[in-house]
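J.: Sequence:
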Amino acid sequence: MPVRVKVDGVKLERLRRSPTEVLRALDTPCRDIARLALDYSLFLVPVGEGQLRDSAFLSGPLHNLSRRLSTTWTAGFAHPSAGPIHEGWHWGAQLFNPPPHFLRKSFRRARGSARRRVAAVLKDFLAQRFPSH
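Here the sequence shown stands for residues -19 to 113, numbered as in the numbering used here.
FYI, nobody ran anything at the bench for these hints, they're computed from the structure. Mixed in with the good hints there might be a few duds.
[Said to hold, decoys possible] Mimicking DMTMM-like on lysine to aspartate or glutamate, the simulated pairs with C-alpha atoms at most 25 angstroms apart in a straight line are: (1) 103 x -7; (2) 103 x 12; (3) 103 x -12; (4) -9 x 7; (5) 103 x 34; (6) -9 x 1.
Modelling step: build the complete structure from the supplied sequences, incorporating the hints.
T.: The following block contains the structure:
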């Protein structure tokens, strides 16, 4: 779930000076939001159908330290009947009988709090590193 946050260009450049520390600071809210979305989705998963509920997983962080910095946490179900997590167009039988989307609704519900938490972490990080600005 990409989260967009409005950031000033000067502040963004300051954040880029210490990418590892910034990404490490973002790990906590990103992990919490992925966990929250996974918890929401557990209520939508059918119980008793081939251990689908027991296959829930949370993995991360995966830090991308290239020019386009990012941190990634992944939540999902490691079971064939979980269906695709991505959104897209499917042709054929999936068009008329689409697979269930257990995580889509959950991540949509968690997105607002994710934006607020990421913005708060970035603001706090900037305040700690550059107290006079």
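J.: Hint by hint, note whether the structure agrees.
T.: Verification of the supplied hints:
1. 103 x -7: holds (14 angstroms)
2. 103 x 12: Holds, because 18 angstroms separates the two Cα atoms, which is no more than 25 angstroms.
3. 103 x -12: holds (11 angstroms)
4. -9 x 7: holds (19 angstroms)
5. 103 x 34: Outside the cut-off at roughly 37 angstroms; violated.
6. -9 x 1: holds (15 angstroms)
Hint violations for this structure: number 5 only, all remaining hints satisfied.
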